[in-house]
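Starting from the given sequences, assemble the full structure and let the hints guide the process.
Respectively, the protein sequence lines represent chains V and Z. The UniProt record's numbering applies: residue 1 is where the first sequence begins, and numbers increase by one. The UniProt record's numbering applies: residue 1 is where the second sequence begins, and numbers increase by one.
Calculated from the structure, these hints are not laboratory results. Keep in mind that the hints are not guaranteed to be accurate.
With a cut-off of at most 20 Å between alpha-carbon atoms, the simulated DMTMM-like pairs for lysine to aspartate or glutamate come out as follows [stated by the list, open to error]: (1) K214/Z with D128/Z; (2) K248/V with D59/V; (3) K2/V with D95/Z; (4) K96/Z with E4/V; (5) K93/V with D180/V; (6) K7/V with D161/Z; (7) K2/V with D161/Z; (8) K184/Z with D161/Z; (9) K204/V with D180/V; (10) K206/Z with D128/Z; (11) K184/Z with E159/Z; (12) K7/V with E162/Z; (13) K2/V with E159/Z; (14) K206/V with D180/V; (15) K158/Z with D95/Z; (16) K204/V with D189/V; (17) K50/Z with E32/Z; (18) K50/Z with E230/Z; (19) K2/V with E162/Z; (20) K7/V with D128/Z; (21) K248/V with E37/V; (22) K214/Z with D55/Z; (23) K206/Z with D219/V; (24) K158/Z with E4/V.
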Amino acid sequence: MKTENQKAWFFVLPVLLLVAFNALIPMMTVVNYSFQETFGDNVFFWQGVDWFEQILRSDRFHAALGRQFMFTALILVIEVPLGIAIALSMPRKGFWVPVCLVLMALPMLIPWNVVGAMWNIFTLPDIGLLGYFLNHVLGINYDMTQDPLAAWVTIITMDVWHWTSLVVLLSYAGLVSIPDAYYQAAKIDGASNWSVFRFIQLPKMKTVLTIAILLRFMDSFNIYTEPFVLTGGGPGNSTTLLSIDLVKIALGQFDLGPAAAMSLIYFAITLLVSWLFYTLMTKDDLN
Amino acid sequence: MQKRSIVPIVYILFLMLPIYWLVAMSFKTTNEILAGFSLFPQTFTLENYKTIFTDPSWYWGYINSIIYVSLNTVISVAVALPAAYAFSRYRFLGDKQLFFWLLTNRMAPAAVFALPFFQLYSAVGLFDTHLAVALAHCLFNIPLAVWILEGFMGGVPKELDETAFVDGYSFPRFFATIFIPAIKAGVGVAAFFCFMFSWVELLLAKTLTAVAAKPIAATMTKTASSAGYELGLLAAAGTLTIIPGAIVIYFVRNYIAKGFAMGRV
Numbered sequence: 001m002k003t004e005n006q007k008a009w010f011f012v013l014p015v016l017l018l019v020a021f022n023a024l025i026p027m028m029t030v031v032n033y034s035f036q037e038t039f040g041d042n043v044f045f046w047q048g049v050d051w052f053e054q055i056l057r058s059d060r061f062h063a064a065l066g067r068q069f070m071f072t073a074l075i076l077v078i079e080v081p082l083g084i085a086i087a088l089s090m091p092r093k094g095f096w097v098p099v100c101l102v103l104m105a106l107p108m109l110i111p112w113n114v115v116g117a118m119w120n121i122f123t124l125p126d127i128g129l130l131g132y133f134l135n136h137v138l139g140i141n142y143d144m145t146q147d148p149l150a151a152w153v154t155i156i157t158m159d160v161w162h163w164t165s166l167v168v169l170l171s172y173a174g175l176v177s178i179p180d181a182y183y184q185a186a187k188i189d190g191a192s193n194w195s196v197f198r199f200i201q202l203p204k205m206k207t208v209l210t211i212a213i214l215l216r217f218m219d220s221f222n223i224y225t226e227p228f229v230l231t232g233g234g235p236g237n238s239t240t241l242l243s244i245d246l247v248k249i250a251l252g253q254f255d256l257g258p259a260a261a262m263s264l265i266y267f268a269i270t271l272l273v274s275w276l277f278y279t280l281m282t283k284d285d286l287n
Numbered sequence: 001m002q003k004r005s006i007v008p009i010v011y012i013l014f015l016m017l018p019i020y021w022l023v024a025m026s027f028k029t030t031n032e033i034l035a036g037f038s039l040f041p042q043t044f045t046l047e048n049y050k051t052i053f054t055d056p057s058w059y060w061g062y063i064n065s066i067i068y069v070s071l072n073t074v075i076s077v078a079v080a081l082p083a084a085y086a087f088s089r090y091r092f093l094g095d096k097q098l099f100f101w102l103l104t105n106r107m108a109p110a111a112v113f114a115l116p117f118f119q120l121y122s123a124v125g126l127f128d129t130h131l132a133v134a135l136a137h138c139l140f141n142i143p144l145a146v147w148i149l150e151g152f153m154g155g156v157p158k159e160l161d162e163t164a165f166v167d168g169y170s171f172p173r174f175f176a177t178i179f180i181p182a183i184k185a186g187v188g189v190a191a192f193f194c195f196m197f198s199w200v201e202l203l204l205a206k207t208l209t210a211v212a213a214k215p216i217a218a219t220m221t222k223t224a225s226s227a228g229y230e231l232g233l234l235a236a237a238g239t240l241t242i243i244p245g246a247i248v249i250y251f252v253r254n255y256i257a258k259g260f261a262m263g264r265v
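Put into structure tokens, the structure is as follows:
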């Protein structure tokens, strides 16, 4: 049982100050911009909620949001089951465990622009390993700079390559924390592999899976550098995810007001969905 | 050799292919890369690496990155430890709300907050310092560190704390000599995650620096000059960015493997 202790606030204070400094002040700036219009020279005019209305009604925003949801849904549907499957088939002890873990963690430690650049060259039709193989060995016409479908397949594959290991590492951590006694009891009861998974392994992985799914959701929903370096949002607008669109507006056209309004809407959506995930996945623990 | 080990093997091969391609390219000349496909370097060259190691504007990029990443890891773990302890042991006003609020800080689209960050850090006079990047990365690293550490601390029985206090330990002494060693695997895992996310994040690092603390990622944009892409150099620089990460995982590999298992996580 936890004890009630209001002094515990002092322990949390440094964290609170550091995070608030980084979160609240920039957030206030963004809120400020979202209600104002500027013509340069730091002169601002009150604009009210016009920007919000304009963004919520624009087809461009809806299209980018749709692509964003599609991207996030696809990678969650692919990475979570795949990550669990890989974690289940990994060795539990012995020499190969650290080898597997080190090799699997490697993609996560590559800076995001390097990941984008590397996949870009890797998939180029005539000089990249994957692009050359698909085009000249298998005879598939694949060029992600021309074909929207190829571009989508490439960014999804890149994300699966980059982040499935996060799900693997966390699921594996959940798996190895299951005491042997559980498996022995299941064996005596004659449980099938599926029931062992369904009634022992999956419930034990729940907490770590919550972390994995939430992290993957938040990070994929905010993804910027990798798809930007890989395709630049193209061909056309086919891979322009929400944050790429946002930066195009904020820096490309220098429309601070609409960009700020858009990022607040964006933030609110992320918050809402994360909160839903969080409550749904932790509701059993609260009872 | 069991049949099911085929899954991890295939997965690891898939992970290694693009990395192999990057490393192979780093030993090729840019002309060879552009000329067409070759699985191995035809004219093996170390020229790309030589450029990086002899040009200060290149190797300082790596040094700058390592400085702010280390700084960030130390700050994040140091402040997250007491906070995680509070969350794991006590109930206090607004604790649950605070915990969730911390998490929400990973959700702000960094791409848009870059400009306000630039203004904020310029205003406090920290622009273009290693500290600026280290502090900015706290935004998403501290919540994660608190989260991970809280999980590990939950696995330590409360009796440990009580026994220590009965034995007359002061709180700081108990925390430093008994509690932290008990969760050192958790500290390792938290530090690893902080290192990883700070090392790979570039948008804020690039925005908050100009010359003195310029990260390697910003230096890499140099390869796209008026003379066209210097792909060989880009590949060599990319290959070198993997090395610090690989060294860190090598050292914490046992923590990752066994460490997670100790905590409730």
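For each hint, the structure was consulted:
no.: 1; hint: K214/Z with D128/Z; verdict: holds (7 Å)
no.: 2; hint: K248/V with D59/V; verdict: holds (15 Å)
no.: 3; hint: K2/V with D95/Z; verdict: holds (12 Å)
no.: 4; hint: K96/Z with E4/V; verdict: holds (13 Å)
no.: 5; hint: K93/V with D180/V; verdict: holds (13 Å)
no.: 6; hint: K7/V with D161/Z; verdict: holds (17 Å)
no.: 7; hint: K2/V with D161/Z; verdict: holds (12 Å)
no.: 8; hint: K184/Z with D161/Z; verdict: holds (16 Å)
no.: 9; hint: K204/V with D180/V; verdict: holds (13 Å)
no.: 10; hint: K206/Z with D128/Z; verdict: holds (9 Å)
no.: 11; hint: K184/Z with E159/Z; verdict: holds (18 Å)
no.: 12; hint: K7/V with E162/Z; verdict: holds (18 Å)
no.: 13; hint: K2/V with E159/Z; verdict: holds (12 Å)
no.: 14; hint: K206/V with D180/V; verdict: holds (18 Å)
no.: 15; hint: K158/Z with D95/Z; verdict: holds (19 Å)
no.: 16; hint: K204/V with D189/V; verdict: holds (19 Å)
no.: 17; hint: K50/Z with E32/Z; verdict: holds (18 Å)
no.: 18; hint: K50/Z with E230/Z; verdict: holds (14 Å)
no.: 19; hint: K2/V with E162/Z; verdict: holds (13 Å)
no.: 20; hint: K7/V with D128/Z; verdict: violated (37 Å)
no.: 21; hint: K248/V with E37/V; verdict: holds (18 Å)
no.: 22; hint: K214/Z with D55/Z; verdict: holds (14 Å)
no.: 23; hint: K206/Z with D219/V; verdict: holds (19 Å)
no.: 24; hint: K158/Z with E4/V; verdict: holds (14 Å)
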